[in-house]
Amino acid sequence: MPKINQSSVLDGFVAALGEEIGSKNTLTIDVSGLGVLGLKCARKQVLGFQWMDSLPPECRYDYIVADLPFGMRREPTTVGNREIVLRKNWIELAKALRFLNHDGLCVALVEPPAFGIAEGPRFEEALNSEGYYVTGIFNVPIGLFESASFRPVLVVLGRSRSDRVLVGELDGAEHISGLAHALVSEISGDALSEGVFIVSGTFKGFDRLKAEQQLSGLGTQFKEYDQVRLRDIAVEINTVKNGEDHTVKENAVYVPMLGQSLVTHDISQISIKHQNVCQVVLSEKANSEYLSAFFQSQLGKLVLTSLHVGTVIRKIRTSDLAQFW
1 MPKINQSSVL
11 DGFVAALGEE
21 IGSKNTLTID
31 VSGLGVLGLK
41 CARKQVLGFQ
51 WMDSLPPECR
61 YDYIVADLPF
71 GMRREPTTVG
81 NREIVLRKNW
91 IELAKALRFL
101 NHDGLCVALV
111 EPPAFGIAEG
121 PRFEEALNSE
131 GYYVTGIFNV
141 PIGLFESASF
151 RPVLVVLGRS
161 RSDRVLVGEL
171 DGAEHISGLA
181 HALVSEISGD
191 ALSEGVFIVS
201 GTFKGFDRLK
211 AEQQLSGLGT
221 QFKEYDQVRL
231 RDIAVEINTV
241 KNGEDHTVKE
251 NAVYVPMLGQ
261 SLVTHDISQI
271 SIKHQNVCQV
281 VLSEKANSEY
291 LSAFFQSQLG
301 KLVLTSLHVG
311 TVIRKIRTSD
321 LAQFW
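Heads up: the sequence shown at position 259 corresponds to 259 in my numbering, and the numbers run straight through without jumps.
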């Protein structure tokens with residue numbers, strides 16, 4: 001169950017956002033049954049997966065708060081005339097948006113990192129085709145769910161098209177009003193506690209965003225060096241199947257795709273199953289000892305942190321590793 005103090009921060013933000021847009025006709029949809037996300041002053045409240053049966057199809061609201069469960073099975077559905085397989089809780093979110101008026105907002109808790117993984121981009125594209133857009137993504141307070149193995153995010157969607165999204169951190173009551181105002185006024189700050197705009201469709205999670213911000217600061221120390229993509233200095237990028245081991249190759253580094261193990265140039269130092277390690281064989285332009293030493297530095301570790309994606313089991317995708325600078 002949610003911790004009361006952390007839940008109050010979330011409730012406070014939801015209420016503050018409703019005040020910012022001057023909502024007068026509000027709807028809460030409680031499907032999770034946990035009561036984590038709600039609006040006490042809502043004009044209408046509906047419950048359970050059959051919530052649509054309680055609403056006339058012509059009803060429209062200027063503020064919708066959807067409290068949805070997490071980690072549900074995927075089912076085929078149609079969004080924006082597209083056949084797509086989605087998590088059932090995302091399907092409920094798509095249904096909720098149909099009751100939004102032309103200048104209203106909808107807020108909902110979803111798995112991290114919002115729509116930046118798996119079928120997320122396809123879902124967001126389908127929503128866009130129906131005229132719905134993500135306008136804000138907020139990291140909820142740590143410990144909101146005592147038993148959850150991940151930290152959910154709060155997404156805000158509306159009908160106003162924009163090429164940017166406000167991202168922010170709900171880490172205390174003192175930032176509630178400021179973040180709500182930043183979203184509505186489209187005036188951001190310089191820190192996540194104040195709200196920062198990023199390009200729409202580029203959000204890959206708050207861990208990655210924070211790592212990239214730190215990388216930007218550390219990167220100034222290396223500005224005199226040329227930047228190259230890993231794929232441009234790699235001869236091969238290899239993975240192996242379950243139960244198999246990598247073949248020893250000259251001038252190679254071994255990058256753990258999950259967990260906290262260090263990158264190494266010595267295959268004998270690999271401490272996890274080889275199926276979870278990517279072998280990168282370098283061209284003569286690079287040296288495996290130097291590259292593994294870089295990945296063990298503060299900057300190198302931040303690079304790897306920024307590449308991890310996933311809701312519960314966070315791992316690096318080979319395609320992302322090849323693209324990093």
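Think of the hints as simulated: they come from the structure by calculation, not from any bench. Nothing here was measured: the structure is a model prediction, and the numbers come from that model. Glycine residues also receive a C-beta, built at the ideal position from the N, C-alpha and C atoms. Just to be clear, a hint being listed does not mean it is correct.
Quick list of in silico lysine-lysine cross-link-like pairs, BS3-like style, CA-CA up to 25 Å [claimed, not checked]:
(1) Lys273 to Lys301
(2) Lys241 to Lys210
(3) Lys285 to Lys204
(4) Lys273 to Lys241
(5) Lys210 to Lys301
(6) Lys95 to Lys44
(7) Lys273 to Lys285
(8) Lys88 to Lys249
(9) Lys88 to Lys24
(10) Lys285 to Lys249
Cβ pair distances, simulated, as ranges [claimed, not checked]:
(11) Arg164 to Gly71: 24 to 32 Å
(12) Ser129 to Gly178: 26 to 34 Å
(13) Glu58 to Lys301: 21 to 29 Å
(14) Glu174 to Phe150: 19 to 27 Å
(15) Lys273 to Asp53: 46 to 54 Å
(16) Met52 to Val85: 19 to 27 Å
(17) Val228 to Ser129: 36 to 44 Å
(18) Ile117 to Ile233: 40 to 48 Å
(19) Phe294 to Glu186: 18 to 26 Å
(20) Lys301 to Gly35: 20 to 28 Å
(21) Phe150 to Glu58: 21 to 29 Å
Verification of the hints:
no., hint, result
1, Lys273 to Lys301, "20 Å, holds"
2, Lys241 to Lys210, "32 Å, violated"
3, Lys285 to Lys204, "31 Å, violated"
4, Lys273 to Lys241, "10 Å, holds"
5, Lys210 to Lys301, "13 Å, holds"
6, Lys95 to Lys44, "16 Å, holds"
7, Lys273 to Lys285, "29 Å, violated"
8, Lys88 to Lys249, "45 Å, violated"
9, Lys88 to Lys24, "29 Å, violated"
10, Lys285 to Lys249, "16 Å, holds"
11, Arg164 to Gly71: 24 to 32 Å, "29 Å, holds"
12, Ser129 to Gly178: 26 to 34 Å, "33 Å, holds"
13, Glu58 to Lys301: 21 to 29 Å, "54 Å, violated"
14, Glu174 to Phe150: 19 to 27 Å, "25 Å, holds"
15, Lys273 to Asp53: 46 to 54 Å, "49 Å, holds"
16, Met52 to Val85: 19 to 27 Å, "21 Å, holds"
17, Val228 to Ser129: 36 to 44 Å, "37 Å, holds"
18, Ile117 to Ile233: 40 to 48 Å, "28 Å, violated"
19, Phe294 to Glu186: 18 to 26 Å, "39 Å, violated"
20, Lys301 to Gly35: 20 to 28 Å, "39 Å, violated"
21, Phe150 to Glu58: 21 to 29 Å, "37 Å, violated"
Violation of the numbered hints given earlier is confined to hints 2, 3, 7, 8, 9, 13, 18, 19, 20 and 21; the remaining hints are satisfied by the structure.
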